[in-house]
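Each protein sequence line maps, in turn, to chains A and B. First residue of the first sequence? That's 1 in this note's numbering, and the numbers climb one at a time after it. First residue of the second sequence? That's 1001 in this note's numbering, and the numbers climb one at a time after it.
Where hints are given, some of them may not hold.
[What the hints assert, rightly or not] Computed footprint of chain A on chain B; a stretch qualifies when at least three of its residues, placed anywhere within it, have a C-beta under 8 Å from a C-beta of chain A:
#, stretch
1, 1131-1145
2, 1305-1315
[To be verified] The list that follows gives simulated cross-link-like pairs (lysine-lysine, BS3-like), each with its CA atoms no further than 25 Å apart:
#, chain 1, residue 1, chain 2, residue 2
3, B, Lys1268, B, Lys1088
4, A, Lys13, B, Lys1107
5, A, Lys70, B, Lys1005
6, B, Lys1288, B, Lys1268
7, A, Lys37, B, Lys1114
8, A, Lys37, B, Lys1107
9, A, Lys10, B, Lys1107
10, B, Lys1237, A, Lys10
11, B, Lys1009, A, Lys70
12, B, Lys1088, A, Lys13
13, B, Lys1237, A, Lys13
If you're looking for bench data, these hints aren't it; they were derived computationally from the structure. All C-beta atoms, glycine included, are put in the ideal place defined by N, C-alpha and C.
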Amino acid sequence: MCIAIPAEVKEIKEGNIGVVDYGELTQEVRLDLVDVKVGDFVLVHVGFAIQRLSREEGLETLEIFREVWKAMDESDERKVQVT
Amino acid sequence: MEPGKEIEKAIRTLTDRNLTFMHVCGTHESTIARSALRSVLPENLKIVMGPGCPVCITPQGEIDAALQLASDGVTIATYGDLLRVPGKDGSLESCGGDIKIVQGVHKAVEVAQKTKKEVVFVSVGFETTAPTVAATILTNPPDNFSILSSHRTIPPAMKWLLSQGEAKIDGFMLPGHVCTVMGYHEYEQFHVPQVVAGFEPDEILLGLLLLLQQIQEGVSRVDNAYPRAVTREGNVKAQELMWKVFSASDVAWRGFPVIPGSGLKIRKAFSQYDAVEKFGIEFKPDVKQGGCICDRVLRGISQPTDCKMFGKVCTPRTPVGPCMVSHEGACKIWHLYHSRT
């Protein structure tokens, strides 16, 4: 039920309707819940954009991964020392 | 080495006792089962699914109300996921009524615009979905349109689960898209490790790792492992629209008693769109199917394979309980991917 797919806003039409591109499919979705402009990325759920996504926030996820890997490297080193 | 492998290794190192984490989202269960994540986790780390499937937690009485409307000649529009959910006498799929499958509530309004018949949208879903319905009601749909609100909200159910203690939960993986809309500040009231997680296998492993780190540190907070969609505040515009149209109500969930403040009822100002008011619907109590353990699965105290009927009498084609119907139901997902326990 709560599946949501990222898509790029290609066009904004009258009546809170946007044309979005999922990659290989374009579709009209409702934009009532977000303030967006052409070129923004949104998450689409049941035919509605439910949130705007930004490239920066996407990069933030990568940053968390990087931090975790770093922490793990350190804990690996500690383990090697113990054994 | 690929990132998932690194995290998997760290999870094995950090799991130093028996731990049970609960997620509250059918889409999480789907990723976990599809990518067989349980098979790479240590034996003493258990991931259970809570009441995260909106179709599954909708009480039978609400399905029966939709079936009654269909037999009275009302057109029912809803998500495909709901069609095979068994009511007392049959399902929407088998009832012979006028049933339309729609992508979302806005498409149900289009159905109403093309007919003079009454059209009722059976409106299930958590906080991810409810704002879409609110926004649609605010566009003044035609008079022959109304909704049967079966919406539920997650935090009151988590509160119930934690106060009850039955499932012995050491941490929660919070539903990424509910939190996309609602943010996660509301979850800070719970004194238990929590993480908001995304839906890729790597993101779920990352979520598990952050929970384990909290346990190692002996702290309880809400970590956000899905920041590309989730902020602490969430989508404030969507929240405002949702609360403009709905107010919190006390409702039962399938497998649960009445949970205070866990439902969404249409406010009086919009009562012309409330099918309960319009058709004078009274919900009847659930009649439990003998042998079905959906209620225990939803509370996180049993697994689908604990059920004697799983994969035998009860299959996706011949579902006995709702968890075998929805794409988000634990039983259907396990049946599809043959998950190990």
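Against the structure, the hints:
no. : hint                  : verdict
1   : 1131-1145             : holds (count 6)
2   : 1305-1315             : violated (count 0)
3   : B:Lys1268 - B:Lys1088 : violated (30 Å)
4   : A:Lys13 - B:Lys1107   : holds (17 Å)
5   : A:Lys70 - B:Lys1005   : holds (14 Å)
6   : B:Lys1288 - B:Lys1268 : violated (33 Å)
7   : A:Lys37 - B:Lys1114   : violated (31 Å)
8   : A:Lys37 - B:Lys1107   : holds (24 Å)
9   : A:Lys10 - B:Lys1107   : holds (21 Å)
10  : B:Lys1237 - A:Lys10   : holds (22 Å)
11  : B:Lys1009 - A:Lys70   : holds (13 Å)
12  : B:Lys1088 - A:Lys13   : violated (45 Å)
13  : B:Lys1237 - A:Lys13   : holds (20 Å)
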